[in-house]
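Enquirer: Protein chains in written order, with the numbering used here: chain Z, 3 to 155; chain X, 17 to 99.
Because the hints were derived from the structure by calculation, they are not lab data. Here the structure is a predicted model, which means the values were calculated and not measured. Just so you know, not all the hints are guaranteed correct.
Claimed, not checked - So the derived list for chain X, only partly shown, Cβ under 8 angstroms to chain Z, looks like this:
| no. | residue |
| --- | --- |
| 1 | 22 |
| 2 | 72 |
| 3 | 73 |
| 4 | 77 |
| 5 | 80 |
| 6 | 82 |
| 7 | 91 |
| 8 | 94 |
Unchecked claim - Restraint-style ranges between C-beta atoms, simulated for each label pair:
| no. | chain 1 | residue 1 | chain 2 | residue 2 | range |
| --- | --- | --- | --- | --- | --- |
| 9 | X | 60 | Z | 66 | 12 to 22 angstroms |
| 10 | X | 86 | Z | 17 | 34 to 44 angstroms |
| 11 | Z | 146 | X | 60 | 42 to 52 angstroms |
| 12 | X | 67 | Z | 53 | 21 to 31 angstroms |
| 13 | X | 33 | Z | 10 | 20 to 30 angstroms |
| 14 | Z | 27 | X | 54 | 53 to 63 angstroms |
| 15 | X | 83 | Z | 23 | 38 to 48 angstroms |
| 16 | Z | 24 | X | 56 | 44 to 54 angstroms |
| 17 | X | 56 | Z | 23 | 48 to 58 angstroms |
| 18 | Z | 89 | X | 81 | 27 to 37 angstroms |
Note that the Cβ used here is the ideal one computed from N, Cα and C, for glycine as well.
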Amino acid sequence: MPASIAVRVQAEDFDVGAEIEALHRGRSDVGAVVSFVGLCRDEGGALAALELEHYPGMAEAEIGRVAAEAAARWPDVTAITAIHRHGRIAPGGRIVLVVTASPHRTAAFQAAEFLMDFLKTRAPFWKKEHRTDGTSGDWVAAKGADDEKAGRW
Amino acid sequence: MKLVYFAWVRERIGLTEETVDLPATVTTAGDLVRWLAGRGDNYAHAFEAPDAIRVAVDHEHVDQESPVRDAREVALFPPMTGG
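When you get a sec, could you build the whole thing from the sequences and use the hints?
Expert: Take a look at the structure:
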């Protein structure tokens, strides 16, 4: 059976425990659930918040395409949930969640890492910094290291 | 054709979106970026480093050689920094 895929792009926070529970509740074939939560750092106290801009419509579509590719590469994966927030997020706040489920852990671990690597380089989101000194800072620059991580798959 | 802009491309141009009539010389995504760069100082600033510009046609990433004339919506934006 193909993996069930859920993608959400939203301003609201999400409940990590509930999202994990939802991927295995009521079933006995799932032996592993892997979750990744991306959080907003304070950058040593300099960052007041991140403002996440996104491309409505394409953001959901692109994350969906990456999730479908992960499901195709790891056919044992039973379910994938990917949630990405937009808007203003303060340090300590949750930005992104990826949850994968499979009968054994390897597929779930690998699919989750694949999803995050491609979500960072392909999902249309952009982070702008707001600094604690009151200035609106710069747009966060894309990292070459992220392209390298995506390139190894 | 509808064009939409994001992040510092949007800020430098000063528009979130606009509708344009493409000249016949513009066929690919790369042509579009070069044509836009010549539309004024704000556009020149936004597109001063064409290799840093990413293009999406109807919500899908495309490369600089991809055709754009049949698109409903073309988006131009910097490299993505989500996750």
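Enquirer: Work down the list of hints and note, for each, if the structure agrees.
Expert: Verification of the hints:
{"no.": "1", "hint": "22", "in the structure": "6 angstroms, holds"}
{"no.": "2", "hint": "72", "in the structure": "6 angstroms, holds"}
{"no.": "3", "hint": "73", "in the structure": "10 angstroms, violated"}
{"no.": "4", "hint": "77", "in the structure": "7 angstroms, holds"}
{"no.": "5", "hint": "80", "in the structure": "17 angstroms, violated"}
{"no.": "6", "hint": "82", "in the structure": "15 angstroms, violated"}
{"no.": "7", "hint": "91", "in the structure": "6 angstroms, holds"}
{"no.": "8", "hint": "94", "in the structure": "7 angstroms, holds"}
{"no.": "9", "hint": "X/60 - Z/66: 12 to 22 angstroms", "in the structure": "36 angstroms, violated"}
{"no.": "10", "hint": "X/86 - Z/17: 34 to 44 angstroms", "in the structure": "43 angstroms, holds"}
{"no.": "11", "hint": "Z/146 - X/60: 42 to 52 angstroms", "in the structure": "26 angstroms, violated"}
{"no.": "12", "hint": "X/67 - Z/53: 21 to 31 angstroms", "in the structure": "26 angstroms, holds"}
{"no.": "13", "hint": "X/33 - Z/10: 20 to 30 angstroms", "in the structure": "24 angstroms, holds"}
{"no.": "14", "hint": "Z/27 - X/54: 53 to 63 angstroms", "in the structure": "57 angstroms, holds"}
{"no.": "15", "hint": "X/83 - Z/23: 38 to 48 angstroms", "in the structure": "46 angstroms, holds"}
{"no.": "16", "hint": "Z/24 - X/56: 44 to 54 angstroms", "in the structure": "50 angstroms, holds"}
{"no.": "17", "hint": "X/56 - Z/23: 48 to 58 angstroms", "in the structure": "54 angstroms, holds"}
{"no.": "18", "hint": "Z/89 - X/81: 27 to 37 angstroms", "in the structure": "35 angstroms, holds"}
Checked against the numbered hints listed earlier, the structure breaks hints 3, 5, 6, 9 and 11; every other hint is satisfied.
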